[in-house]
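Visitor: Protein chains in written order, with the working numbering: chain A, 1 to 555; chain B, 556 to 975.
Some clues are possibly wrong.
As the list claims (entries may be wrong) - Straight-line Cα separation of at most 30 Å, DSBU-like style, residue types lysine-lysine; simulated pairs:
no.: 1; chain 1: B; residue 1: 953; chain 2: A; residue 2: 526
no.: 2; chain 1: B; residue 1: 953; chain 2: B; residue 2: 584
no.: 3; chain 1: B; residue 1: 587; chain 2: A; residue 2: 329
no.: 4; chain 1: A; residue 1: 278; chain 2: B; residue 2: 826
no.: 5; chain 1: A; residue 1: 517; chain 2: B; residue 2: 587
no.: 6; chain 1: B; residue 1: 826; chain 2: A; residue 2: 513
no.: 7; chain 1: B; residue 1: 770; chain 2: A; residue 2: 517
no.: 8; chain 1: A; residue 1: 416; chain 2: A; residue 2: 347
no.: 9; chain 1: A; residue 1: 526; chain 2: B; residue 2: 770
no.: 10; chain 1: B; residue 1: 770; chain 2: A; residue 2: 347
What the hints assert, rightly or not - Sample of chain A residues lacking proximity to chain B, with all beta carbon distances greater than 10 Å (derived):
no.: 11; residue: 91
no.: 12; residue: 124
no.: 13; residue: 279
no.: 14; residue: 370
Rather than coming from a laboratory, the hints here were simulated on the basis of the structure. Quick reminder that beta carbons are idealized off the backbone N, C-alpha and C, glycines included.
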Amino acid sequence: MLIRLTGGAVYDPASGIDGAKQDIYIQDGRIVDKPSGDFKVDKEYDLKGKVVMSGAIDMHTHIGGGKGNIARTLLPEDHRADPVARTDITRSGCGHAMPSTFVTGYRYAEMGYTAGFEPAVLPINARQAHMEMADIPILDKGGYVLMGSDDYLLRMLTAKKDQKAINDYVAFTMQAAKAIGVKVVNPGGISAFKFNQRKLDLDEQNSHYGVTPREILKSLATAVKELGITHPLHVHGCNLGVPGNMNTTLDTIQAIGGLPLHLTHIQFHSYGTEGDFKFSSGAAAIAEAVNLNKNITIDVGQILFGQTVTASGDNMRQFANHKHASPNKWVTMDIECDAGCGVVPFKYKDKNFVNALQWAIGLETFLLVDDPWRIFLTTDHPNGAPFTSYPHLIRLLMDRSFRNDVLSTIHPEAQKMTTLASIEREYSLQEIAIMTRAGAARLIGLQDRGGLSAGNWADITVYTDNADRQLMFEKPDYVFKDGELVVVDGKVVHTKWGTTHVVKPDWDVSVEKDLQKYFDRFLTMKLGNFKISDDEITEDGRGSLTVHPLKGDVA
Amino acid sequence: MAEITEVPSPFCGIGTDDLTIQVDGVSLKVVKNGCAVNTPAFEQAITDTRPRVDGKDVSLDVAVAKAAALLKNTNQPVIGGCATDVNGMRALLALADRSGAVVDNMNFTGARNNFLALQDSGWMNTTLAEVKNRCDLLLVVGADLESFSPRFFERYLWNEESMFLADTGKREVIYLGKAPSGAASTSPNGQKALVFECANEDLPDVVAVLRALVKGNPIRVDSVGGIAVSDLQAIADKLLAASYSVVTWAAGALAYSQAELTVQTVSEMVKDINNRNTRSSGLPLGGKEGDQTANQVCGWTTGYPARTRFASGFPEYDPYLNDTNTLLANGEADALVWVQAFNAKAVPPTTNLPTIVVGRSGMTFAKEPDVFIPVGTPGIDHAGHAFRLDNVVAIRLKKLRDSGLPSTSDVLNAIEQACR
């Protein structure tokens, strides 16, 4: 079947197209060139006055894995306020802060998103992460495997194993967990908390291994680069949420010595200690460092006011944050000498000085970083806010007068501590398309996604241009996933199953000999039972794997 | 005859995956690393292979059609048992969503003690590899750990090597409440567990006093539940002196009213210890026959644990009202679907309502159900996934033999399709 999308204004940064009126042809799930000679269009959509972008990609969203399910179980009262009934074509579930898997897929699609990436896949919990993501309809998905507090890596670093050995272990772990990237959370700190350390700075040693976060970051970032993984090491740094942590973040940027690094939810790592409340914005300094260091990419982790729940691998910082739990109930877990997690409900309030300034810090960061190809739109769902708040966030970025109206309502002391009112920048549609589409696809290394030129999969979102950007981005006219129309007027009309994106870096199989002995001696599972097989993703007939090339591969 | 190694078990909850099983046709023999829980569960012979309607052998298609017909005009069917693998639960929840059923895991009344505590105040918990490598003091509250899980001590406490302990034999084990039924808790060095017994109904008082002592609060009595306060003080001191204590309990063993408060006291005590500058973690026991699996899959599918009703068209959780036995006793259900792929002895409650059983081959019934469909057991007859008691690790279950029995998900998906 040949589909034509006619006359829309196309925003396709991947091809350098910025609002030109252009027709798009779809056949067999992909975008194709206009056929030559005589041809018959089977289905045409008149998109005059509409805005056309590729499907949006959320490059950091907690949509699969144990901590998310703990968050769900912890908050029945939150679900009760947002029940989602079944329809003839959709399943029932719940929404708000941590929606059920089916509702996650529907609501993302209804906002024009067609892919989401879980940033904290613990190797030992990767099966659960993939099983949950397998129950998210419509979206493509993938995960970054979490390393850096795992005993095996830490003992390798203690023993000063060479980089090649680390690379082999990283590659093995990525394949065992079916990942497309590598994440590190509070490097070495999750482990340190199990030894009763309550904080860990960039150059502070883990008391058992004698290894510092700086060493862990360097070895993992080097491994990612040398293995040819497109997505840079994805870093949730030290000292999350601690006033003054902007210096840790700036030191981290210097420490990495030019290696590619993605600093995630940087808003939570951009705090100074100035002012009467000893809490201030470090956004300007951080943005300047990002602008200067082209090897650095960031996503923001914007907070927005209201109830949510924070779910993180960072058991050390989440334990410290439990004092702010609202409602007052929280969970931490130490996990398998591999990782950990912490789940703490939060209610961000605009009349709370710290929360109000966090809000402003995130927006300052968005507006002060020059290059939209190196910054990504996230709330670190659900940690800063549920993903359903993205259209509101887009309006804050694109509409200065709206932004300043909201700014005038937050805690007055916070208003005094931010430069936000003086920042004139408004994001353009093209910049939004870069952050949420082309840039994200490029950063993750997704082949044939995030663009609208021929050869791409037909993941396409069509909006009605509207000066109220929140209304515009809340309710796309059409969303196509792999060429199938899944959303009309902001409602799911058809469901399908997306693919799971992975990379398959090579490793020296001899590392498995050591690992097998190690598993038998210390762990609770046989190595053979630890590795996730391809079958586990595909055997239900719905899932599929899409393997993306490594840097240096011949396409 | 084939021999399959590294077989994971869905029966014991602790995720043993080192069994060696001999397969001869459809008969299995555990030849290595069996135990009193796993060996009989694996070795149970297949008896029924054909579905029955009204006691008569029929084809699977006929049984599925009959089940769908029975469900067609119901207002509130109950799907009880919920003892199967991840794919089985996925299909079960799809059927419940379509038919407006109540979903209720058979062990939920026990697990409720944990969920109510979790949903009120939370906890700090750990997993089995942390226990194996880090735990220097194990406090067992109100449970007979070795009858729950015969190989727990061998695998996770008396392991020869550990990452962080020089001599695992020097770990301390303390029982509070119940005494151990055997000697598994005695260390290889011969050091016996300390045991402080009390009646089950005194456990709330005993743990409350222990928590108060951990916090340094004064206690004005000399004994509680027959246990000297000085003994509890000694336990509190050990908990505060340990580097990484683990406190374990079995929610189902706390069989008294409002036992969730005991779980909450224990869990809050663990938090208190962590606030007094050392580490401690909880470890709730469970995970047998798919109970953790049911709650996990229901959790991500609905937001709620597996005692959830779909009659309104969307999931509604109620840990009391959605109890199968309550619904049957009060006449609030109009059909029963019983799903139990692991344990042939776990038969449905007897009822006069239309009853459909999707069960492990070998079930015998006091009253023949309207429909009985024998299914394969996950981890024996088909591959699958099950969650361990620590809720983090999903084990990959293997297919060991070709029995021709359908899986739970095959059957429930077929019934769901036929209900459309």
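Visitor: If a hint holds in the structure, say so; if it does not, say that too.
Guide: We went through each hint and held it up to the structure:
Proposed proximity of residue 953 of chain B and residue 526 of chain A is supported: the alpha carbons are some 13 Å apart, at most 30 Å. At most 30 Å may separate the alpha-carbon atoms for a hinted pair to count; residue 953 of chain B and residue 584 of chain B meet this at roughly 15 Å. At most 30 Å may separate the alpha-carbon atoms for a hinted pair to count; residue 587 of chain B and residue 329 of chain A exceed this at roughly 44 Å. Only pairs whose Cα atoms come within 30 Å are accepted, and residue 278 of chain A paired with residue 826 of chain B is accepted, the gap being roughly 29 Å.
Restraint check for residue 517 of chain A and residue 587 of chain B: the C-alpha separation of about 19 Å stays at or below 30 Å, so the hint holds. Between residue 826 of chain B and residue 513 of chain A the alpha-carbon distance is near 40 Å, which puts this suggested pair outside the 30 Å criterion. For the hint pairing residue 770 of chain B with residue 517 of chain A, the CA-to-CA distance comes to about 42 Å; that exceeds 30 Å, so the pair is violated. At roughly 22 Å between alpha-carbon atoms, residue 416 of chain A and residue 347 of chain A fall within 30 Å of each other, so this suggested pair holds.
Between residue 526 of chain A and residue 770 of chain B the alpha-carbon distance is near 40 Å, which puts this suggested pair outside the 30 Å criterion. About 29 Å separates the Cα atoms of residue 770 of chain B and residue 347 of chain A, which keeps this hinted pair within 30 Å; it holds. The Cβ of residue 91 of chain A sits about 6 Å from the closest Cβ of chain B, inside the 10 Å cut-off, so the non-interface label is violated. Non-interface status of residue 124 of chain A relative to chain B is broken: a Cβ of that chain comes within 10 Å, the nearest being about 6 Å off.
Residue 279 of chain A, annotated as away from the interface, keeps every beta carbon of chain B farther than 10 Å; the closest lies near 24 Å. Look at residue 370 of chain A: its CB is around 40 Å from the nearest CB on chain B, clear of 10 Å, so calling it non-interface holds up.
Hint check: violations occur at hints 3, 6, 7, 9, 11, 12; the rest are consistent with the structure.
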